[in-house]
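In order, the protein sequence lines correspond to chains A and B. Per UniProt numbering, the very first residue in the first sequence carries number 1; after that it's consecutive. Per UniProt numbering, the very first residue in the second sequence carries number 1; after that it's consecutive.
Think of the hints as simulated: they come from the structure by calculation, not from any bench. One or more of the hints may lead you astray.
In silico PhoX-like links for lysine-lysine, alpha-carbon gap of 25 Å or less [to be verified]:
1) A:Lys187 with A:Lys148
2) B:Lys234 with B:Lys133
3) A:Lys244 with B:Lys66
4) B:Lys234 with B:Lys345
5) B:Lys51 with A:Lys270
6) A:Lys270 with B:Lys345
7) A:Lys224 with A:Lys180
8) A:Lys190 with B:Lys172
9) A:Lys270 with B:Lys78
10) B:Lys172 with A:Lys80
11) B:Lys78 with A:Lys190
12) A:Lys270 with B:Lys234
13) A:Lys209 with A:Lys227
14) A:Lys209 with A:Lys80
15) A:Lys74 with B:Lys345
16) B:Lys172 with A:Lys74
17) A:Lys270 with A:Lys112
Quick look at which bits of chain B chain A covers, simulated, 3 or more residues with Cβ under 8 Å [unchecked claim]:
18) 63-74
19) 155-163
Taking beta-carbon pairs under 7 Å as the criterion, some of the chain A residues facing chain B (in silico) [claimed, not checked]:
20) Leu211
21) Gly273
22) Phe274
23) Trp283
24) Pro285
25) Asp288
26) Asn289
Heads up, the beta-carbon is just placed ideally off N, CA and C, and yes, glycines get one too.
The residues making up each chain are set out below.
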Amino acid sequence: MQSILRKSASCGNLSLFQNFRAAGAVPRGVTAIRFYPAIASKSSTEGAEPEKSVFISQSSDIFTNLALEDWLYKNFDFNKHRVLLLWRNDPCVVIGRHQNPWQEVDVGLADKNDMKIARRNSGGGTVYHDRGNLNCTFFTPRNAYDRKTNLDVICRALKRQFGVQADVTPRLDVTLDGYKVSGTASKLGKNAYHHCTVLVDADLKKLSKLLNPDTEGMDSRATKSVKAPVQNIKNANVTVSPEKVLSSIGYEFLRTTTDGNDGGAQMIEKQRGFHMINPTNDWFPGLDNLKAEMKSWSWNFGKTPEFSLKKEYLIGQDMDTLESLNIHFNLQVENGFIRSASLQSPSGTRNFVDDTTLSDLSGFINALKDRPFHPGIVSTFEGLLFKNSNKASVSVHETLEQQARNYVRNS
Amino acid sequence: MATSVLNLVIRSAGSPLRQTGLKSRRAFRLPYVRFYSQQNALDPLEGGTFKFSELQVSLAGPELLKPKPDVSNLIFGKCFTDHMFEVEWNVEGWGPPRICPLHDLNIHPAAKVLHYALELFDGMKAYRGVDGKIRLFRPDLNMQRLLRGSRRCLLPQFDPEELISCMKRLIKIEEEWIPHSETSSLYIRPTVIGTDPSLGVARSMQAMLYIILCPVGPYFETGFKPVNLLADPKFVRSWPGGSGDVKLGSNYGPTVFVQRAAENSGLQQVLWLYGDDHQLTEVGTMNIFILIKNANGEKELITPPLHGLILPGVTRQSILELVRGWNEFKVTERPVPMKEFLQLKEEKRLLEFFGAGTACIVCPISGVSFLGVNHHIPTMEQEDPLYARVLNTLSGIYYGRISHEWSVLVD
């Protein structure tokens, strides 16, 4: 990179971009890239107050908006220009950078409902987005990163416009009457962004269904979401709407000084104001590449930290010791692919499970190696194990189920 | 006497007088004097000026913003930004300058602009450089042209630096209307109109100056497309003693009809001729340049002089200064009669013929239809053509690839 920059200094007539392209540093399909000067490290309070803009994304696609957020983070200079990006998505689920989607989301249910699952660049927990949820991304240079101030802007806006009293917790959640209405995450590099959700009028029922998958047997070191009871701001004031909240947070941002004080209404007119943003590759060269990455399986599922899945199935009882006999099904998943799959069956299994089934199961296990993981694998295994054609195992299975039900009722 | 008067006229036309031989003076037997300007002196201001320090800003709220179209749908002149600049004038002086959301104007039906075309405008661009910063190109020249035109219409004067400051603020607010790619710009249209609500061909005692902006996508998407011209002596765009050297709307309205005549003949633009010897003056709304091999066998670049018939284009002046600076061949400002033009073409000494203007920078011409005969011009057949070199240098300056004093940062 440094050598390319040095070389380009001598080729004055070629654009910096053309130099990068000649050096092979630009991927195919990128027609131009904005390279902005190195971020100065001086404090943001030196010199004139930076001007503020509120960007409103015209897209409601989660991948496009995440790519736009990334593009601004990588390409803008925020020293003299602070930006608040406001965006809303069609229904989707967004997991944190270091999370396990299968641990956080009912992936099968999401697939069935054509709902996208997206991994964002910032850490933290899983959130559900729909048009009733407003996303706010506050961009600053790294040295001006201040999440509390940003969240205070949101609380002041809600108070000023709707009379709603919200509070910021030490975990940097925004709560209303004890219920969480906003969750926060951030990313720091040369630039910094702090983004948060604002639940205005989201479908909370869908939220709870999607974010409660069956994780029995899953052992993962990925970041686990900290669940908290949530509510919509609409509960506190029926007149709110995502559009109105967008407008009020935008205006409050424009009138707040960089050290977090209300500069008054007259400060708004000194700023650059509101801008619609059309996130396409023509307006933002290089966006398509970022979007392709955000949409890829290798990012959304492949970046999952290593985890294991250990499932245990009761197939019968040892006739002598009366101990339960369980088949163990183990999976080791790395980068979203099954690194190893194994089946452990105790002695005596053959009394309850016929040879065809056992060979089907081993065949299945062998075929799993290096395949991408998905929850359907578990249900396929279960289907093979308990398939109806094996009458013996069905009756044992049914008997055991009945015994289990009785056990639960009586205990 | 006539010669010295002519000298005064030509010298005050806006470009240094060079290489204008006796031949050209003979072509202009009618001495005429312009009363209203000497280019480099700032005239004493009539009625004072508005001040940037008194600028009132009223930003558009999110509900007033227009969604941004795709860059490929940015047809020149059809899409405008969200804000405009305006300031009013009457006999008591200038009112407060304002930046406000783009709005329709409220004009009395008797307003002089509507009846007698008391109107002038200018055209210039703001470019997003390769470093992401916005630059204007020689805005001082556009300001001077605007002031000259205003004087010609007896419309008010102002301090050009104040207008440039207001313009820069407007551009900063609208900055996101310029795509982040390397080939887009923002077209700036300052306009002055006489709004005096009284009939009568007299000076307008009320006026308004406003600026509107249009985002412009890349001009030559698939390389140069040369044009073919209609040269019909019965159509005259400007004449001695007229107003062809100022950018009045009244110069352009009547040309719409002629442009249609060209298109009906399958041609793209009009080549404007003047006089019995059919001097080539302008093409469409652009200045013209002709590259020839002169009688001494050397290359020579010729453009008509600023003798009252020609609009002093900023691109035209920049090309002259640039090419003179290269010191590779002669650069002459003199009239070119059609007979000479065709003779040069017959003798294969006519190398390139191109238009020059803010919109397209240079526009190569490959054919002229004169009195029913189509003449092919070998502009596109030259090796290392001048028009391409000029385009590369000028766009290098526009987009900040080449650092130059002509490029003014909007900061």
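Requested in this report: Enumerate the violated hints, using their earlier numbering and listing them in ascending order.
Outcome: Of the numbered hints, 2, 6, 9, 11, 12, 14, 15, 17, 19, 20, 25 and 26 do not hold.
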